[in-house]
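Residues per chain are reported as follows:
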Amino acid sequence: MRIRGAKAVHYDSGPNMTPLVDVVMVILIFLMLAGSFGGVEHYLVSSTPVTKTGGGANTSVVPDEVQYTITVDSPMGLSDRFVVRAGDLVTSDMDKLTAALVRKRKEFNAAGTATDKVQVIVAPGRTVKYKFLIDVYQAALSAEFTKVSFQQAH
Amino acid sequence: MKKVHIPETHVAHPNVTPLIDIVMCLIIFYMLVAKIGVTTGAEKMDIPESIVGTDIKDMGNTLTLNVRPGAIEEPLVTALVKLPGSAISRQSELKLRDPASGQNQLLNTLKMYRQQNDQFKVIIRGEADMPYRFLEPVLVACADANVRNVNFNTKKVSEKTGG
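Read top to bottom, the protein sequences are chains V and U. The numbers in numbering that gives the first Met the number 0 rise by one with no breaks, and the one at position 13 of the first sequence is 12. The numbers in numbering that gives the first Met the number 0 rise by one with no breaks, and the one at position 128 of the second sequence is 127.
Errors might be hidden in some of the hints.
Covered stretches of chain V (in silico footprint by chain U; criterion: 3 or more residues with CB under 8 Å from a CB of chain U, positions within the stretch not fixed) [what the hints assert, rightly or not]:
| hint | region |
| --- | --- |
| 1 | 23-29 |
| 2 | 114-120 |
| 3 | 139-153 |
The hints are simulated quantities; they were obtained by calculation from the structure and are not laboratory data. All values reported here derive from a predicted model rather than from experimental measurement. Glycine included, C-beta positions come from ideal geometry on N, C-alpha and C.
One chain only, chain U, in its complex shape:
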């Protein structure tokens, strides 16, 4: 019987099965843990640090308010807000006094969310160096809109340097 000669290249490749096992585990891990395409409206800014704090598991009932010092004495507040009559959300500035209508857009927005959802929560992302006079109107708007759950977003630190 004639013997078939098999080229050596067919036998020289490494066993990739353990590699695929590990890589598949990593992919499943990242797919479960990573938050891709999920935005809360949080903008990049220098927020304060804290050691204590809790995690919010369900971000579905939350509205993230980005608070910065404004041009005059008013804060610049932005949030990812649902457009009226639509399921689409857009990052918008919420003025405390709209020049056109004179209305408090922040208060109206908070009231709208609060009426729709009893579990409504507000997350405040404020710049660390912002004076309190810019934060105060935001807290007052939350209180006026009857928002009882306000969370101050901070950076996790394991050890704090002195105050």
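If we strip away everything but chain V, and leave its shape as in the complex, we get:
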């Protein structure tokens, strides 16, 4: 079958786009390789970095605030494990800790204490790894506590 006009001559007098495409492709590849994007990291915000304890230390806790302390320790000689104590709860399970903290926050709210008046203090031992503290910190934030701080090591 003969396609009509297939061999018709179309003279294109437009500019040569090849150098433009070459340069644009080089720019595109450079940007794709050199660019860094802020999508892989984020931040846990604290308005009170550390709560001091001990004789003569100036605490950063506001007088009408209620303090709730979560103790984090690593068992002796086992730096890859940690134990959290929050009230009666003793656990290494962050889901259980989060659930317990949610219950605690609701107890505070039911007793008339607003969430922003509760200062959650994470009290770690000297040997507890930072990543475990971040897990505990995250559990407190997940329980919708807004003020979370660290205490000096015990």
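Keeping the supplied structure of chain V fixed, place chain U upon it in accordance with the hints.
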């Protein structure tokens, strides 16, 4: 009238207009989104992971502290710090006790930034396996310098494996 014969090579090239449209869109996207030549002083290290967290839109008021376990009991803290009397910044170690002067360089630096800027924020990038005793002096220095906004830099994860 004499007809001009045009070689077939002139008509055989593809239409590149859609290609250029798409490539230009990609270039504009990358130019707007990519952060090229912008450094916060963040060093490559294994930071902890977390599911929750927020993004910091304005990095202009921040100082990123890279915290690692030091040789003895002190942390090794580095940051991109402005040189005194200059607009140039340099990655420097901030000692908690300078052997020459005996001064706490970290505390002095934080105080200087805090005095210059009420909105000053600190970002802490700590190694995931670092014991708390190395992080504690950094937090105490932040508190002593009256830095109220401290952000712990973590890796985003969508699902967390058990603790």
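Hints versus structure:
no., hint, verdict
1, 23-29, "holds (count 4)"
2, 114-120, "violated (count 0)"
3, 139-153, "holds (count 5)"
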